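> One line per chain: the protein sequences are A and B, in this order.
Mapping to my numbering: the first sequence position 44 is 44, numbers consecutive.
Mapping to my numbering: the second sequence position 47 is 47, numbers consecutive.
Please note: incorrect hints may appear among the correct ones.
Copies of one chain are not kept apart here, so a pair can be met inside one copy or by any two copies together.
Derived lysine-lysine pairs resembling DSBU-like cross-links, with alpha carbons at most 35 Å apart [to be verified]:
#: 1; residue 1: Lys-241; residue 2: Lys-107
#: 2; residue 1: Lys-194; residue 2: Lys-225
#: 3; residue 1: Lys-300; residue 2: Lys-107
#: 4; residue 1: Lys-107; residue 2: Lys-260
#: 5; residue 1: Lys-104; residue 2: Lys-141
Don't read these hints as lab results, they were simulated from the structure.
Please read these numbers as outputs of a predicted model, since none were measured by experiment.
Residues per chain, in single letters:
Number of protein chains: 2
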Amino acid sequence: MSINLTILGCHSATPRVNAHPTSQFLTINNRTFLIDCGEGTQVQLRKFKLGFTKIQCIFISHLHGDHYFGLIGLISTFMLHKRNQELHIYGPKGIKEVIILQLKLSKTWINFGLYFHELTSKSSELIYEDEKVEVHTIPLKHRVYTNGFLFKEKEGMRKLNMAKIIKQNEIDVCDYRNLQLGKDFIKEDGSLVKNDVLTLPPTQGKSYAFCSDTMYDESIVPIIKNCDLLYHETTFLKDLKELAKTTMHSTAFEAATIAKMAEAKQLIIGHFSSRYTNLNDFKQEAQEVFKNTALTSAGKEFQL
Amino acid sequence: MSINLTILGCHSATPRVNAHPTSQFLTINNRTFLIDCGEGTQVQLRKFKLGFTKIQCIFISHLHGDHYFGLIGLISTFMLHKRNQELHIYGPKGIKEVIILQLKLSKTWINFGLYFHELTSKSSELIYEDEKVEVHTIPLKHRVYTNGFLFKEKEGMRKLNMAKIIKQNEIDVCDYRNLQLGKDFIKEDGSLVKNDVLTLPPTQGKSYAFCSDTMYDESIVPIIKNCDLLYHETTFLKDLKELAKTTMHSTAFEAATIAKMAEAKQLIIGHFSSRYTNLNDFKQEAQEVFKNTALTSAGKEFQL
Chain A
1 MSINLTILGC HSATPRVNAH PTSQFLTINN RTFLIDCGEG TQVQLRKFKL GFTKIQCIFI
61 SHLHGDHYFG LIGLISTFML HKRNQELHIY GPKGIKEVII LQLKLSKTWI NFGLYFHELT
121 SKSSELIYED EKVEVHTIPL KHRVYTNGFL FKEKEGMRKL NMAKIIKQNE IDVCDYRNLQ
181 LGKDFIKEDG SLVKNDVLTL PPTQGKSYAF CSDTMYDESI VPIIKNCDLL YHETTFLKDL
241 KELAKTTMHS TAFEAATIAK MAEAKQLIIG HFSSRYTNLN DFKQEAQEVF KNTALTSAGK
301 EFQL
Chain B
1 MSINLTILGC HSATPRVNAH PTSQFLTINN RTFLIDCGEG TQVQLRKFKL GFTKIQCIFI
61 SHLHGDHYFG LIGLISTFML HKRNQELHIY GPKGIKEVII LQLKLSKTWI NFGLYFHELT
121 SKSSELIYED EKVEVHTIPL KHRVYTNGFL FKEKEGMRKL NMAKIIKQNE IDVCDYRNLQ
181 LGKDFIKEDG SLVKNDVLTL PPTQGKSYAF CSDTMYDESI VPIIKNCDLL YHETTFLKDL
241 KELAKTTMHS TAFEAATIAK MAEAKQLIIG HFSSRYTNLN DFKQEAQEVF KNTALTSAGK
301 EFQL
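Could you build the full structure based on these sequences and the hints that come with them?
Shown next, in the form of structure tokens:
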């Protein structure tokens with residue numbers, strides 16, 4: 001079990017020479033996901049040699065350009081590369097129309113399954129699930145309909161306690177699977193050995209919560225409670241907290257307050273406004289409230 | 001009178017770390033135009049410090065992504081920068097729908113006049129004209145509806161031949177404008193001095209023809225005849241002339257043949273396929289037919 005996050009861009013608004021809009025590349029339990037896809041994301045994926053043809057699902061938080069203008073280009077590149085693996089796109093209602101219109105105008109033939117999962121709910125919902133991973137939406141408060149995403153590893157199977165198993169003599173390799181699944185063991189004499197005598201608790205699944213863009217909103221705390229890693233946008237510092245409110249963004253102080261309330265293990269911050277030149281000011285402001293805070297930057301990796 | 005062209009990108013298909021899709025920045029008689037706008041164009045404009053807020057008109061050849069996916073991002077940036085100057089966009093029918101849909105989805109407020117001039121004609125037409133510049137379409141043959149563009153400086157006023165004017169004694173500064181406009185001069189005794197005795201021919205207006213994407217098509221020759229600078233796409237070398245035909249692109253040999261037939265003064269080539277690593281092969285192949293050929297590359301300038 002592992003989570004590996006690579007930041008592709010962490011600046012707000014317009015793409016600039018050394019400031020790329022939001023996008024993150026996430027591998028979780030061998031699943032490969034892309035989160036947001038600002039203009040130029042496909043070049044960033046190439047730059048960091050991330051093997052982007054493996055991307056199975058793309059999660060788009062909202063339909064502001066700095067979070068999705070690179071999506072149509074990435075899909076077009078997949079087609080030119082003759083992709084045949086399915087691609088699932090999760091994002092606000094409207095995303096399908098805009099992508100399909102552009103494919104239609106270019107008379108492009110789609111040579112792989114392209115599935116849109118359009119989101120409209122204002123409550124958190126489970127939008128992706130397989131045997132090892134779950135993804136839930138985190139409804140955010142922004143100028144347009146926006147979701148963050150909570151990526152969770154599912155709890156694994158119970159671990160065999162071999163010392164105890166061997167002592168029982170009767171337990172065969174064929175029984176191991178049932179033990180891992182939590183079943184008790186019935187001996188030949190009909191007596192029962194409780195599962196927790198023979199096994200140890202499974203490794204706890206890790207979780208990553210992505211929250212961009214949003215104003216300060218305590219209602220997300222129960223959804224992201226105890227997450228291992230929290231990305232929360234910090235467009236502004238607290239000197240511009242009124243502007244943050246008007247534009248429905250957050251300050252570093254506010255992001256850190258959310259991290260503290262949620263009892264997150266680590267906070268990472270980004271979506272910096274271009275007006276700030278010293279990004280360490282963001283870290284400093286956040287750390288006054290929540291010590292374990294790190295800045296994001298293009299190419300930076302976070303591992304759990 | 002002057003034409004200055006800066007190449008922003010000259011590669012085909014997908015944007016890569018050091019290979020940018022088609023876009024060109026053109027100043028002609030103090031008008032500022034953008035030709036095509038692949039993904040990442042706004043970053044290229046910034047990189048080469050081209051003062052892109054001055055762009056008055058954007059000409060889009062066709063709706064394949066490598067020629068226009070950067071347009072919505074550029075328009076969004078103009079809005080964030082609180083542009084108030086009008087912006088005119090010339091391109092195939094459909095371009096308005098796709099841009100407006102994306103603005104609508106992001107609930108973006110347009111704070112400047114945004115005008116779309118959708119093209120449908122299959123014959124060359126005059127699409128832009130002011131007192132100093134004309135732009136005509138060059139219908140091209142590609143997989144979707146495509147136009148090249150012919151940018152022409154209008155002929156200036158006639159030049160005063162001061163030696164001859166002074167000899168006449170009677171001619172006042174107030175008469176100069178009429179002479180520049182080509183009028184004859186009437187002396188006090190009622191006799192007439194023909195204009196061409198007192199003036200010299202105006203500087204000839206220069207022209208730039210942009211042709212991308214297209215298969216080999218001699219029918220464009222009369223439209224671009226005698227142009228001073230011709231950009232013609234060369235996606236392939238002649239070893240892949242059959243593929244060029246199938247995909248409706250051109251080889252370097254074909255581009256040079258068009259330049260020769262059109263008696264262009266200079267040919268510049270681009271839209272190189274990523275399969276070629278040595279771009280000098282394109283130059284060499286073209287120069288076998290048309291000597292005055294240059295490669296385009298990002299940041300390169302051509303002046304007339």
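> Each hint should be assessed against the structure and marked as holding or not.
Hints, verified against the model:
Proximity of Lys-241 and Lys-107 under a CA criterion of 35 Å is satisfied inter-copy only: 23 Å between copies versus 47 Å inside one chain copy. In this homomeric assembly, Lys-194 and Lys-225 come within 35 Å of each other (Cα to Cα) only inside a single copy, at 32 Å, whereas the closest approach across copies is 91 Å. Only between protomers do Lys-300 and Lys-107 lie at most 35 Å apart by alpha-carbon distance; the minimum there is 32 Å, versus 38 Å within a single protomer. Proximity of Lys-107 to Lys-260 under the C-alpha cut-off of 35 Å is restricted to the inter-copy arrangement: shortest distance 33 Å between copies versus 50 Å within a copy.
With identical chains, the CA atoms of Lys-104 and Lys-141 are at most 35 Å apart both within one copy (33 Å) and between copies (19 Å).
In the structure shown, no violation is registered for any of the earlier numbered hints.
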